[in-house]
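So you can see what is in the structure, the chains are spelled out below.
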Amino acid sequence: MKSKMLLSVLLIVAMILSACGGGGSGSSGETADGKIVIKYINGFTGGDGEYMKKITDGFNESQDQYVVEESQEKDHYTKFKTGSYDLVLIHSDNLQTYRQDNMIQDMGSVLEAAGISPDDFHPVAKEQVTFEGATFAAPLDIHPMTMFYNKQLAPEAPMTYEAMTDLTNTLQEQDSNLYATGIPSGGLPEWFYMTIAAQNNINLVEGNHLNFAQDEFADALMIYHDMIYKDNISPAGLGLDGEFQAFMKQVDEGGSSVQTATALTGPWYYQAVKEAYGDDLGIASAPQLGDQPGVYGGGHTLALPASVQDEEKKAGIAEFLKYMYTPENLLNWADSGQAPTHLATIELVEQDAEKYPLAAQNVQQFDSFVGAPQLYQYREQVRYMTESVFPQLVGDEGMTKDKLMSELQKATDQAAQVAETAPQ
Amino acid sequence: MGGISFLPDEMPFYLTDGGVLRTMRISRTWSIIMYLPFLICFVLFLIVPLVYGIWISLHSWSVFGGNGGFVGLDNYIAILTPGNIYSTSFYLGLKNTLVFVAISVIPLVVISLALALLVDAIPKKLKVYFRTIFFISYAVSVTAVSAIFKWLFTGNGGYVNNVMNSIGLSPINWLNEQPYAWVSILVATIWWTIGFNMILFINALDEVDETMYEASSLDGANWWEKFAYITFPSIKGVFVFLTIISVIASFNLYGQTLLITAGGPAQSTQSLIMVIQQMVFTQNNLGIGSAMAIVMGLVMMAIVAAQYFYSFRKE
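Protein chains in written order, with the numbering used here: chain U, 46 to 469; chain F, 5 to 319.
Isolated chain U, as found in the complex (with noise of 0.2 Å):
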């Protein structure tokens, strides 16, 4: 009896820990044809998703001793820290973190072996993956803020303040629902004040954080409040994604909704907008508000996890590196809309403007392009100043220098204490 009970309890144990366990699929590392996996995850769940899957096809067909295994997630950063993964996509404001953090390493040699070199890439870009001499990523791309226009409203894009305040002053006489541009108070704020720090040439960067309590800057600041509240260039209230939502708008005569002849925003719109208003579209840079040129942005990159230690992985790493930045397949990325960093494939994006309209405008920014400072925890830096200062400033009419200020302090108090956080 003693014995039915032991196998009895081993039975449930084994069922129980059977359940538990995980797929063991590929843990080896090599397919059963022996070619070995290269296990690449990035976030790319929206439009541009199919054209890197595109690149990475294109690669495990050319190849019979490596292949990807591309998982395109939601979240894959959180994939990425709780899964093992040889490649992964990283944002370049986040390069500092995870550099910092020992999760990602130097792949300088890869690139090397892949036959590519950090002077391949815009010097901005390459300016982004450069941490103390050594490249931590391959830069891939960079979004900057971009100006998308209805034609039907705005037969040109206004470039300038005064433009943007002429352009509104015509369509409010039209309808007092229509206005040149949308100010968002979610959704991109991020943009809006660091490409106005750009360009009144504001160095947010202090130490080891950043520094928003600064005079020229909550000065640089009050424009976006003044665009709503007195030059009535942008409609109060628009929350999170304002700015798209109100440019995809359609105003009804006598109805509540605000509708705007341009969107100041990120380029993944591009195939929504694209759709919505067809030849009536038009593509710009972002309108200069401020003292000089300067747009800011995001960027992608790929990057090496430091788990990766094997060099038959990082051989095949390079080779998938070598295939994807060959100017011909890399042009598939900016058939999804996005500007490649690539100098050659810059060049076939300029050569071909008509098929590529929104890459070959947005690398035409990159000269003026101001990255995201090299911090560490930058996201956690800036949340403030995004979630709450930001929101005030274009949310609350009364808002005045001395009240932005304040907040504008609080906002660098809790920046220079999520620095300090910073593994020693």
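If you're looking for bench data, these hints aren't it; they were derived computationally from the structure. Each hint can be trusted.
Listed below are several chain U residues computed to face chain F (Cβ distance under 8 Å; list not exhaustive): (1) K126; (2) G300; (3) S302; (4) E425; (5) Q462.
Only pairs whose alpha carbons sit at most 30 Å apart, straight line, appear in this in silico DSS-like list of lysine-lysine: (6) K119(U) x K171(U); (7) K99(U) x K80(U); (8) K124(U) x K80(U); (9) K359(U) x K126(U); (10) K196(U) x K294(U); (11) K446(U) x K99(F); (12) K99(F) x K455(U); (13) K367(U) x K400(U); (14) K448(U) x K99(F).
Some chain U residues flagged as far from chain F (calculated, every beta-carbon gap over 12 Å): (15) G74; (16) P163; (17) G178; (18) A208; (19) Q219; (20) Q259; (21) D260; (22) S413.
The beta-carbon is built from N, C-alpha and C at its ideal position, and this holds for glycine as well.
We have chain U; now place chain F onto it with these hints.
Below, chain F alone, put in the same frame as chain U:
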């Protein structure tokens, strides 16, 4: 019945024969085997994570770097002592969560009770249809619910504002101004979860003895008196239970605020669970995140215990 009537016949056998005692022991063994799966799962999936969570909260623990060493109560001191990023985030999340608990529990319980009373009053043939219709919303995922209510309450051209505009009312910036953002989240939550509470209330109402209503009618009791002196005392246990689980559910506010308001406007709907999620998955600080989760659990337990003792204090 048969089993009970046979027992006396077996008693002498049971008392005199050792074999019976052995049989009893075997029965106990098998009963252990039968509940062992539960016990193992309970330990593996409840006790171990809880103890492990407490253990992590006493360490400097990074998602990337792993265990950075024992720090005692430092993580708890950090989140409870004002003046640093951890306590600022924690108190903000706790305050927002308590606001939601305060505004949501009463409507969640009272509206579901009112619905249950309404459904209970309609003819039996129709009852099943209404019960199903009201319960369907509970089966919808939070993502779908949030998408629907985000569309309904969008300030610029949303459905609710269009309706208000058509009847001559000024539009409201539902998702970007307070208290409207809380109202939107509250309406979405009530619509989503009301069916569950309602079903439990209906089942409790079905158990109330009909003869008591008949007797009270003969005594001339009105609707309110019947509810106050018969219905409510009969379903009080379910009422307290639903109040307690509504408090717990409201404490766990996450999906609606993440998807409908993204924690805005100005972080005013950022719940404690959102803060913990950011702490662990963005700041990679598992030690602080675990400490926050433990403190949140203690706050919930304190509130629930107070509710429980208050509800049954007279008994």
